[in-house]
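S.K.: Listed here are the chains, written in short residue letters.
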Amino acid sequence: MHTKTLAELARGLRDRAFSSEELTRHYLERIKRHDGQLNSFITLCEDSALARAREADIQLASGKPGPLAGIPFAHKDIFCTDGVRTSCGSRMLDNFIAPYNATVTERLQQAGAVMLGKTNMDEFAMGSSNETSYYGPVNNPWNPDTVPGGSSGGSAAAVAARLAPASTGTDTGGSIRQPAALCGITGLKPTYGRVSRYGMIAFASSLDQAGPMAASAEDAALMLQAMAGFDPRDSTCVDRPVEDYSAGLNNDIRGLRIGLPKEYFGEGLDPAVAKVVEAAIAELKQLGAEPVEISLPNAGLAVPTYYVVAPAECSSNLSRFDGVRFGYRCDNPRDLEDLYKRSRGEGFGPEVKRRIMIGTYALSAGYYDAYYLKAQQARHLIADDFKAAFEKVDVIAGPTAPNTAFRLGEKVDDPVTMYLSDVFTIAVNLAGLPGMSVPAGFVEELPVGLQLIGNYFEEDRLLNVAHRYQQVTDWHTRIPKGFE
Amino acid sequence: MQWEAVIGLEIHAQLATKSKIFSGASTAYGAAPNTQACAVDLGLPGVLPVLNEEAVRMAASFGLATHATVAPRSVFARKNYFYPDLPKGYQISQYELPIVHTGYLDIELEDGETRRIGITRAHLEEDAGKSLHEGFHGVTGIDLNRAGTPLLEIVSEPDLRSAKEAVAYMKKLHSLVRYLEICDGNMQEGSFRCDANVSIRRRGEHRFGTRAEIKNINSFRFVERAINFEIERQIEVLESGGAVVQETRLYDAGKDETRSMRTKEEANDYRYFPDPDLLPVELDAAFIEAVRKTLPELPDAKKSRFMEQYGLSAYDAGVLTASREMADYYEAVVEASKVEGKLAANWVMGELSAALNRDGIEVEDSPIDARAFAGLLQRIGDNTISGKIAKTVFEAMWAGEGDADAVIEAKGLKQITDTGAIEQMIREVIEANPQQVEQYRSGKDKLFGFFVGQVMKASKGKANPAEVNKLLKQLLDE
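First to last, the sequence lines map onto chains E and H. Following the working numbering, the numbering of the first sequence begins with 1 at its first residue and continues without gaps. Following the working numbering, the numbering of the second sequence begins with 1001 at its first residue and continues without gaps.
In short, the hints are calculated from the structure, not lab data. The C-beta atom is built at its ideal place from N, Cα and C for all residues, glycine as well. Do not take every clue at face value.
Unchecked claim - Covered by chain E, according to a simulated footprint, are these stretches of chain H (three or more residues, beta-carbon under 8 Å): (1) 1231-1242; (2) 1299-1308.
To be verified - Straight-line C-alpha distance at most 30 Å; calculated DSS-like pairs for lysine-lysine: (3) E:K353 x E:K285; (4) H:K1414 x H:K1391; (5) H:K1460 x E:K374; (6) E:K341 x H:K1444; (7) E:K285 x E:K387; (8) H:K1444 x H:K1411; (9) E:K353 x E:K275; (10) H:K1264 x E:K353; (11) E:K387 x E:K262; (12) E:K262 x E:K341; (13) H:K1411 x H:K1391; (14) H:K1338 x H:K1388; (15) H:K1164 x E:K341; (16) E:K262 x E:K392; (17) E:K341 x H:K1255; (18) H:K1164 x H:K1293; (19) H:K1079 x E:K353; (20) H:K1293 x H:K1171; (21) E:K64 x E:K4; (22) H:K1388 x E:K374; (23) H:K1215 x E:K341; (24) H:K1391 x E:K353.
Required output: the full structure, derived from the provided sequences and hints.
M.R.: What follows is the structure in structure tokens.
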């Protein structure tokens, strides 16, 4: 059953070829059998999953099932789940049982999806390798000595190993797309404002966006359909109708202009990865798309801009973790200051502290103009580059990550090199655009992702291009050894 | 040495919205701790603020009422600092772009002079919770019911020159926000509180001296006292050769003094930046015009109208329009009774206000409503009772003994205007006092008052005084 796509599983459930309970048991068993090697789940929700599955079976029998009725999924542990621990990969929230559901959680529930458990992630979504998690690193199913990428590393590994047909992720600077690329799955970061952030623990509020991670574009479309839409509880969520993401998957892409930013194919890109990406573009050309060389002249500003904006916002967003109302509290605090210092000192890991300090510094009196304001200006330049590009092309394509999965521990002591893993994904968040990673081949048995970037609210077009590509390639159907 | 004080006030007015500024939780005062704090107010992981439109409308109405600019675009910012009753570790406020700026308020001083006090800005922000230090045996309790309550922080220009001016400004503002119905003005519950920035300089000097900020003063009386204490303290410091330190001070009402809380060096770096969870507030002309249409008649306009329409002095009109409730009461009384505006003013400001003050009752809760009060004034106006008797009737009405006519009837207080009856009483008085009659008739005119008194006494105060005078004169001169 686990080799089927989500779309096929949905059909199977509807046709009563198997029940949701059987399907859910199957995945729960796979998780129990395989996740010891991967560590992709932080919390497994066996009982509640089976209960939900049985409810879905009743729904399916009644003839009025939700669009994802009975489909199991893995939920990134950044989304609040009522009554279930929501750790955000941190010791700080190891004891935090959320008393409410995130909007995304609620929507998936309403669609009938069955949550298998909560997936591992970099602490507070800060990391590109899943190594900053309090719950330990996740191993890439393609090679257990390598990282799955991050921060949605658990979600990516779980789908790649077919421990779940699909998962949720969040992407602040590449946290859906980069792990999707490194694990050989399909991941989509929607336009900022397309999916509600309510109940999604904030890292950098102006950049965070939730999206689907799945085996194929077709599956991602089904997941996104359930996740997207206006939510009055999130002021930055955009009130506009949601497109039918499945309807246009097979649209012809002849004449589609695909922009290839020269800045994404230059220095820093592994030549072997470049080759795979170029081959993928050639494939799109075969389908009738027209590659156009373009330039994003301010692409070089993306990483430095991001590492001012994101830490600045995170330094404020993470202030609520103070040991007073919820989460980790140090033992026997002497006084208020001691309570703050030790609760935060012991509750947060080193990468989170590093970013809080960078952000605090960037917002400090006397530095605000030079860092935060400057970064906001750079952000506008980056967005303007894309705006100009989309006057000439329909979609932008390039590599998702500069390399394939790197070895565990390889970059953990070198934050700047680690930050460069997101060199091609970050600009998309700064501009608020939708971006996607699609499996495009392998280098030394490790997956490579093709990144597709669309104009605002053109998720449907990205999914269309990705789906057409997946109709003529089979990279997305490959399953790592030992997980077949 | 002549010193001049320079004072600016920052007033926090709690907006009278039903729900909080960024959540749906109730703002009602006095609930059990933490029963009116939802996930958003608690700052739980993942929650997001959503702006209460009513708070925006209220801020805009304040801006229009103070001749200020209601900004077409204002921005919420985060003010970052750690405190146990500040759940998110930051307060959502407005910093560089407030919703209201550049307005003014005219105040009247005791000598009748009017002064225009600039309003620098008024911005929206959320209140914090409360730390409770009593009854928790060595630990601090936190009540987050107040967290997220909308505040309008109103910042004046440093245009005030004395504690009295500061109080006059604060009272005027207090009256205004209640007129606008955007704040209940309850100072005991902290709905209207004040920080005062105080500095002094030599008279004639243009530069400002170093200022001290006195935090959280919650009554008019304390504002006056705290500022006066602070002015004296600063004069003493400067005259003894010292320098005023820029600091935050706390007013201790018990000791009637201010004392240092923290100096500038200890002050927080709040690291303000635009809140990425909230969009800029954009108000178009149509919205602002719609708010303008809802504005009630404001105190200054009402005062002018009262002077003109009811023939009142500036003082009377000022007192009667100080609160909207009082003004409404007065107008209702005049309209219903059709008596002279001045007569109604005297009674409302006299007997009624005295009784309200004595019993600590607000005019809107007066046991004598405007219609009943008008009934009393009508009986004065149509000579059914004299002013003196009316006071007795008023007291009976206050005590709940019925309306004016019922009291007059029950107590037999109706004025005697029947000349036959009055003449009878006068003849009896003349008969009983032959000696005084003789003295009067031989030229001792002063005794006339004695006869009036005797007749009134005989009538138990009910005889019409004018009639008594007329008839008495006739009969004594016979």
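S.K.: Compare the structure with each hint and give your call.
M.R.: Consistency of the hints with the structure:
1. Look at the stretch 1231-1242 of chain H against chain E: 0 of its residues bring a Cβ nearer than 8 Å to a Cβ of that chain, fewer than three, so the hint is violated.
2. With a cut-off of 8 Å between beta carbons, the stretch 1299-1308 of chain H has 0 residues touching chain E; three or more are needed, and the interface restraint is violated.
3. Using a Cα cut-off of 30 Å, the hinted pair K353 of chain E and K285 of chain E is violated, with the two alpha carbons roughly 46 Å apart.
4. Simply put, K1414 of chain H and K1391 of chain H have alpha-carbon atoms about 13 Å apart, close enough for the 30 Å limit, and the pair holds.
5. Among the hinted pairs, K1460 of chain H with K374 of chain E is inconsistent with the structure: their alpha-carbon atoms are about 89 Å apart, more than 30 Å.
6. With a C-alpha separation of about 96 Å, the suggested pair K341 of chain E and K1444 of chain H falls outside the 30 Å cut-off, and the hint is violated.
7. Taken as a hint, the K285 of chain E and K387 of chain E pair is honoured in the structure, with Cα atoms around 23 Å apart against an allowance of 30 Å.
8. Our distance criterion of 30 Å between C-alpha atoms is broken by K1444 of chain H and K1411 of chain H, whose separation comes to about 37 Å.
9. Among the hinted pairs, K353 of chain E with K275 of chain E is inconsistent with the structure: their alpha-carbon atoms are about 38 Å apart, more than 30 Å.
10. For a cut-off of 30 Å, the pair hint linking K1264 of chain H to K353 of chain E stands: about 28 Å separates their Cα positions.
11. Between K387 of chain E and K262 of chain E, the direct Cα distance comes to roughly 16 Å. Compliance with the 30 Å bound is thereby established for this hinted pair.
12. At most 30 Å may separate the alpha-carbon atoms for a hinted pair to count; K262 of chain E and K341 of chain E exceed this at roughly 47 Å.
13. At roughly 13 Å between alpha-carbon atoms, K1411 of chain H and K1391 of chain H fall within 30 Å of each other, so this suggested pair holds.
14. For the suggested pair K1338 of chain H and K1388 of chain H, the alpha carbons sit about 20 Å apart, so the restraint of at most 30 Å is met.
15. Under the criterion of a C-alpha separation no larger than 30 Å, the hint pairing K1164 of chain H with K341 of chain E is inconsistent with the structure, at around 46 Å.
16. Restraint check for K262 of chain E and K392 of chain E: the C-alpha separation of about 15 Å stays at or below 30 Å, so the hint holds.
17. For the proposed pair K341 of chain E and K1255 of chain H, the alpha carbon gap of about 36 Å is over 30 Å, so the pair is violated.
18. Restraint check for K1164 of chain H and K1293 of chain H: the C-alpha separation of about 34 Å exceeds 30 Å, so the hint is violated.
19. Between K1079 of chain H and K353 of chain E the alpha-carbon distance is near 20 Å, which keeps this suggested pair within the 30 Å criterion.
20. In summary, the hint linking K1293 of chain H to K1171 of chain H is supported, as the alpha carbons are separated by about 25 Å, within the 30 Å threshold.
21. Restraint check for K64 of chain E and K4 of chain E: the C-alpha separation of about 23 Å stays at or below 30 Å, so the hint holds.
22. A threshold of 30 Å between alpha carbons decides the hint, and for K1388 of chain H with K374 of chain E the separation of about 78 Å lies outside it, so the pair is violated.
23. About 28 Å separates the Cα atoms of K1215 of chain H and K341 of chain E, which keeps this hinted pair within 30 Å; it holds.
24. Restraint check for K1391 of chain H and K353 of chain E: the C-alpha separation of about 76 Å exceeds 30 Å, so the hint is violated.
Of the numbered hints stated above, those contradicted by the structure are hints 1, 2, 3, 5, 6, 8, 9, 12, 15, 17, 18, 22 and 24, listed in ascending order.
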